[in-house]
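Protein chains in written order, with my numbering: chain A, 37 to 323; chain B, 794 to 1083; chain C, 28 to 435.
Taking lysine-lysine pairs in the PhoX-like style, the calculated list, with each CA pair at most 20 Å apart, reads: (1) A/Lys177 to C/Lys338; (2) C/Lys56 to A/Lys177; (3) C/Lys197 to C/Lys259.
None of these hints come from the bench; they were simulated from the model.
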Amino acid sequence: MIVSLSRQAPVRRAKRRGRQWVSIIALLILSLVYLAPLLFAVIVSFKSQLEVSVSPLALPERLQIENYTSVFAKMNYWRSLLNTLGITFAVAVCVTLIAPLAAYPLARISNRSTRLIYQIFAAGLVIPFFAAMVPLYGLMKTLGLVNTYPGVILIYVALNLPLAVFFYTSFIQTVPRELEEAAALDGCSPLATFWFILLPLLRPVTGTLVMFVAMSVWNDFLLPLVFLFRAEARTIMVSVYSFVGEYGFDPTSLFPAVILASLPMLVLFAFLSRQIVAGITAGAVKG
Amino acid sequence: MTWKPSTIAFFVLPALAVYGLFVIYPTFSGLLLSLTDSKGVGQGQFIGLANYARMLEDSQVRTALLNTVIYTVLVTFFQNALGLGLAVWLGNMPELRNSLRVVFLLPSMLSMLVVGFIWSYLFSPLGGPINEMLQALGLGSLKRVWLGDPGIALFSIVGVHVWMYLGHSTAIFLAGYLGLPSELRDSAAIDGATGWVRFWRVEWPLLAPATTVAVTLTLLGSSKTFELPFVLTRGGPGDATMLSSLTVFQNAFAGERFGYATAIALVTLVGVVIISNVVSSALRRREQLI
Amino acid sequence: MKKALIGIGFSVAALTLALSNAQDQTTLKILGFKVGAELAALPALNERFTKETGIKVEYEAISDAGGFAEVIRTRFAGGDVPDVFMNHGRDEAKTFAPAGYMADLSAEPWVKTLTASAASVAKIGGKTYLLPAEFVSLGLYYNTALLEKAGIKSLPQTYSQFLSALNTSKTKGINPFLVPGKDGWAFVTSLIMATELWRTNPDLTEDMLAGKVKFDSTGWRTVFTNLANLGKRGLIDTTLNLGIDGSQAMNEFKAGRLAFLVHGSWEVTGLKKNFPNLKFGFMGFPSGPANTKPVGIVLPGVAWAVSAKSKNAVAARKYVAFWAQEKNLNDWLVSANAFSPLKGGVVPLPSEMKPFSDAAADDRAINFPLADWPAGFQDAYAKATIEAMQGKDIRTILRGLDQSFSKK
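Full structure from sequences and hints, please.
Rendered as structure tokens:
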């Protein structure tokens, strides 16, 4: 009995290793299939109109670099990029400053008013934006904020607050209270406790949130289209949608634009992927 | 720690002020439009609850609400079921775990409209890559008119949505899975035969917090989907893929019935808030049982 | 004395106006939905306008898919108006003019130069608010090479000839026809199949608005039955057609794999430029019985309007007047292959469009009825055509249409 078991062990291990290899190959194939749609978009972006119509699956005979160069110029790429970066940065700073401040009491105190406030913020996760668009425009006009960077930044901050408050609240709930209580015994005010004890702990969530905010600002186009329409203030997605015409779109100009516009986000993603994962998974594990 | 009401106010006010001024206030004054016959231009007349009464006999709105429920349920189920499976798989593959997690998150970095444009090209029944690929692989019988067949179109869009956000659910479940005590995972991996039973009995209940987060986020995200059907089908064929957000949009801008559109938006909003509250509190209660 | 004073007052005012004009150059803000290649001659025309008048022009392009409808409504509601803006025919004007957003242009000298149909497009409630800058056309594209291959010697003139052309192509293994249903081209196809109704009753639109003619009538029943029969007889694959949009169908035509397609004249330029090997033509639609000829549809495309609240009203009117001059307008019309809204205006059209322009010259072109149908009715009509293609009961569909037609 004992002998046979020990004889089987290497066999089982080999089997396991074999299965592991099958598993690895299967996963690699799966991820290739998963990314295939994006690869197709990249391939199409280098084709000529004729090739797109006549031979949809074939690789381009010659890389149509001019698809990119012409789009690059029409988009006013660098300026749009700079505009979008600036707005994104400002929104991220504001959100990561005021959202944890609000989330702190919401996470620590449970009474009728804090619950209500939390619910009001949570409702923001589902509000369809354009129901508010026409009145919002009137408000912005009154405040003199139409066609200004601060105007768009404020709206983005407001729109991102629900998710941020939701994030921070659920994260703070997983942070043990002991530290804060010790600080309170030492005579720390809530603000001091927040600043010196809690905020450093929130750093990972903040990293993630920044990524989320960046994504939502970067990929949006309706808001800047409506509230920031000076030609020189255009954001990058607004530039992309100028390639969708009245009668459909031409993939040989839209796809290069899309790729150029998404590239900075993908680069950022490559560097910050750990933060993103951490953020998406916030609250998935009980602290 | 003692929290004075004034302290709470000090903490909450900045966020509440910005949010109240730029989201809540315009939303509410927008919703007042639902009591008028506003066309979005000029002044509307007050017409009481007529818009709400009209909704009851509008078959498109009924279809849209039903489709939204189906869509949300399907996306929530498939995105999380597949995400869970993939997470457990990746969880047992330490070599590939981190890089593939990033691969599966990639599509969610793009804008939904962009994803819509890419898939509308892929889905094309006239030489679109999906059908051509199936043909090339000898699976010609599986070729479909993905967006034109009323029996399939909604599922095609569900598929795109799941494709886009599968990485989110995977990442959430993976984090939960990796957070489990490691002895548990090791034994589960070794015990091939009893693995499934074990998974459902032991590990699945322990993934409750991850499930709550994943399901709640998917529910909220999918219930307000607009861009995908807008680009892919515009609600068609017929009303087969008409979602609530889309009928709101069409009424507001194409039909110039702004007041009516906000009424539909409000009804949808209330429904989503109620359902997501029920679901997430049920899931929270389940967490307490661990 | 008084008169003299007033006279001096006027000349002083005129002088200061002239001076201020010279000092700070006016910049006109123009909002339009034409982007990219669709801009055609517009940038060149704007340059010419600036050269002639010294007025600068800033054209902002927001495509329809890019949110033109949302932007223009929020801007007008908020008071951030462009000086001049594009309309889709009279679609916007129908709500914008009654809301007081548009300047009354009735007194402009060019109003008298408009053709009767252009003048009727331009008017809302008896006043002229628009300069229709073009009439684009909807017709039937045909692939000459494929028709030859199928042995079709002459272009179909009647509906039964059209059906037999489809049949012949199909038996020769050629995809005969597409009715793209994803984004509204099916209803365009159904409307062009209905041109027969307007040929026999030119006042059909008015009669329908007055409730004298219903959808549930012999004429419309025939149209919808014809549409449904295309699928039933296997001339088109209904499901496939519901899954494609106009540009995908056009792509098939571009690739030389499609014999016939209903589409707009604006595609002609791009087809000739990017697909030089494609031999094609553009004609009216053979919708009638024996001994009739094909009928096309013309519709107002771009139409210019001036904002009521424009701060540069004089310059804005000047801009519109500039477009109304034949030498300027024709540059645009040529680039868009469109018909002129001006009396006696002749635009050289490419030879591919000859069958269509012959039909138009022969008075065989009707106005796009949708422009006059009630706002929001388009959706209901588009859905009805899809339902007919799907094989739902025609009478039920048409009764439903009558209901929503009268409700709007």
